[in-house]
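Construct the complete structure from the given sequences, taking the supplied hints into account.
2 protein chains.
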Amino acid sequence: MNDSNRDIEALIDMMARLPGLGPRSARRAVLHMIKKRGLLLGPLAEAMQRVADTARECVNCGNIGTGDLCEICANNARANGQICVVEDVADLWAMERGKAFKGRYHVLGGTLSALDAVGPDDLRIPRLLDRLPGEDVKEVILALNATVDGQTTAHYIADQLGDSVTVTSLAQGVPIGGELDYLDDGTISAALRSRRTF
Amino acid sequence: MNDSNRDIEALIDMMARLPGLGPRSARRAVLHMIKKRGLLLGPLAEAMQRVADTARECVNCGNIGTGDLCEICANNARANGQICVVEDVADLWAMERGKAFKGRYHVLGGTLSALDAVGPDDLRIPRLLDRLPGEDVKEVILALNATVDGQTTAHYIADQLGDSVTVTSLAQGVPIGGELDYLDDGTISAALRSRRTF
Chain A
14 MNDSNRDIEA
24 LIDMMARLPG
34 LGPRSARRAV
44 LHMIKKRGLL
54 LGPLAEAMQR
64 VADTARECVN
74 CGNIGTGDLC
84 EICANNARAN
94 GQICVVEDVA
104 DLWAMERGKA
114 FKGRYHVLGG
124 TLSALDAVGP
134 DDLRIPRLLD
144 RLPGEDVKEV
154 ILALNATVDG
164 QTTAHYIADQ
174 LGDSVTVTSL
184 AQGVPIGGEL
194 DYLDDGTISA
204 ALRSRRTF
Chain B
14 MNDSNRDIEA
24 LIDMMARLPG
34 LGPRSARRAV
44 LHMIKKRGLL
54 LGPLAEAMQR
64 VADTARECVN
74 CGNIGTGDLC
84 EICANNARAN
94 GQICVVEDVA
104 DLWAMERGKA
114 FKGRYHVLGG
124 TLSALDAVGP
134 DDLRIPRLLD
144 RLPGEDVKEV
154 ILALNATVDG
164 QTTAHYIADQ
174 LGDSVTVTSL
184 AQGVPIGGEL
194 DYLDDGTISA
204 ALRSRRTF
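As given, the protein sequences belong to chains A and B, one line each in that order. Residue numbering for the first sequence follows this note's numbering, starting at 14 and increasing by one per position. Residue numbering for the second sequence follows this note's numbering, starting at 14 and increasing by one per position.
Hints in this document: simulated from the structure, not taken from any laboratory. Given the structure is predicted, the values throughout are model-derived calculations rather than measurements. Do not rely on the hints blindly, as some may be mistaken.
If several chains are the same, the list does not tell them apart, and a pair holds so long as it fits within one copy or across any two.
Subject to a maximum C-alpha distance of 25 Å in a straight line, what follows is the list of computed SDA-like cross-link-like pairs (lysine to any residue) [said to hold, decoys possible]:
{"#": "1", "residue 1": "Lys48", "residue 2": "Leu125"}
{"#": "2", "residue 1": "Lys49", "residue 2": "Pro133"}
{"#": "3", "residue 1": "Lys49", "residue 2": "Ser38"}
{"#": "4", "residue 1": "Lys151", "residue 2": "Ala23"}
{"#": "5", "residue 1": "Lys151", "residue 2": "Asn88"}
{"#": "6", "residue 1": "Lys112", "residue 2": "Asp26"}
{"#": "7", "residue 1": "Lys48", "residue 2": "Ala29"}
{"#": "8", "residue 1": "Lys48", "residue 2": "Gly33"}
{"#": "9", "residue 1": "Lys112", "residue 2": "Glu22"}
{"#": "10", "residue 1": "Lys49", "residue 2": "Gly163"}
{"#": "11", "residue 1": "Lys48", "residue 2": "Ala23"}
{"#": "12", "residue 1": "Lys115", "residue 2": "Asp104"}
{"#": "13", "residue 1": "Lys49", "residue 2": "Asp149"}
{"#": "14", "residue 1": "Lys48", "residue 2": "Met108"}
{"#": "15", "residue 1": "Lys48", "residue 2": "Arg30"}
The following block contains the structure:
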């Protein structure tokens, strides 16, 4: 690349730091953007600037929104006494796409991890305990990933909550459209243990 | 996702249009950027805006630069009588990374393609012919991809150039570090045909 194209090089370096992109795909993406700079590069830069200016974490639940409170925490219709605890904003969005949950969320911001030295105070766990009386919570649904760290975190939170509220977790079983032959043994035995009358 | 997060949704939609990213990886990239918005999102937006404002095609060769002439065309030291013809700016960058070529380039902007109805006038082929006398060109190196369309285009250009200049093309053979067992038959026979004394 030419010496004068420092701006383009800087852009490629930054794009390469995004998850899912490496140096080569960042280069390809930047070239594509430059070719369509009227349609893509300018509007994308503006969209990013807008999000950079407005996006912030909800002080209550950790979701991303544009005000102190996110859309969900600001909406009284969603104060139904249920809080769904998720690891990450991406998981919150996944739950919302499911359109099945009508309550509020609590985003932990990660999982407990001995290896990475992540303790309860590094996550939004104390804040979760604070929310229970104020929002009159009846049920905490632990929607954490079915990984070792996710389940460790779920057990820790369940311990902390004690008998003050009902604590539930997502069902484990065969995913919709899943073929038994392609599922791991753990999922099949979990689905068998939790079998239900037809 | 919340209704108020239209800006974030718009950003995800735009990112998903980049090559190499789909809706899911765009979402992941945007969340990552929002988490590091001070370090990544703001600077990335600025870098994009800078490139959107300054990047343009060189009127001479089709490379991307910041002025009417790109860095290479503006540099008299590179007027060595050689022009390397490439399909795309990405290929020009790849050649420059090789640091072996000291002349100028000519970016066609694609290849001839009967299927996609791309003819000579849709590429920068007439402009290439115009450049030959003015830049006192002695050799045109066809560095087109070794695909059917790339080689068709190379033959067409070689025909157009006729005997006015020396026309060469990149050698075909075993790539550095390549293992014969993993190479296709065509490459092996090309390498054998072009064998050289050791």
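Verification of the supplied hints:
In this assembly of identical chains, Lys48 and Leu125 lie within 25 Å of each other by CA distance solely across copies; the values are 19 Å between and 45 Å within a copy. Taking the shortest alpha-carbon separations for Lys49 and Pro133, only the inter-copy value of 22 Å comes in at or below 25 Å, while the best intra-copy value is 47 Å. Both within a single protomer and between protomers do Lys49 and Ser38 lie at most 25 Å apart by alpha-carbon distance, with minima of 16 Å and 21 Å respectively. Taking the shortest alpha-carbon separations for Lys151 and Ala23, neither the intra-copy value of 51 Å nor the inter-copy value of 36 Å comes in at or below 25 Å.
Proximity of Lys151 and Asn88 under a CA criterion of 25 Å is satisfied intra-copy only: 18 Å inside one chain copy versus 73 Å between copies. Taking CA atoms no more than 25 Å apart as the test, Lys112 paired with Asp26 passes between copies only; the shortest distance there is 20 Å, against 38 Å inside one copy. For the homomeric pair Lys48 and Ala29, the shortest alpha-carbon distances inside one copy (19 Å) and between copies (16 Å) are both at most 25 Å. In this assembly of identical chains, the alpha carbons of Lys48 and Gly33 lie at most 25 Å apart whether taken from the same copy (22 Å) or from different copies (16 Å).
Within a single copy, Lys112 and Glu22 get their C-alpha atoms only as close as 42 Å, which misses the 25 Å cut-off; across copies the closest is 17 Å, which meets it. With identical chains, the CA atoms of Lys49 and Gly163 are at most 25 Å apart between copies only, with a shortest distance of 23 Å across copies and 42 Å within one. Taking the closest pair of Cα atoms, Lys48 and Ala23 come within 25 Å of each other both inside a single copy (17 Å) and across two copies (20 Å). For the identical chains of this complex, Lys115 and Asp104 are intra-copy neighbours only, at 15 Å inside a copy versus 52 Å across copies, given an alpha-carbon limit of 25 Å.
For the homomeric pair Lys49 and Asp149, neither the shortest alpha-carbon distance inside one copy (52 Å) nor that between copies (33 Å) is at most 25 Å. When the C-alpha separation of Lys48 and Met108 is checked against a cutoff of 25 Å, the pair qualifies only between copies, where the shortest distance is 19 Å, while the shortest distance within a copy is 37 Å. When the C-alpha separation of Lys48 and Arg30 is checked against a cutoff of 25 Å, the pair qualifies both within a copy, at 22 Å, and between copies, at 13 Å.
This entry does not satisfy hints 4 and 13, going by the numbered hints stated previously.
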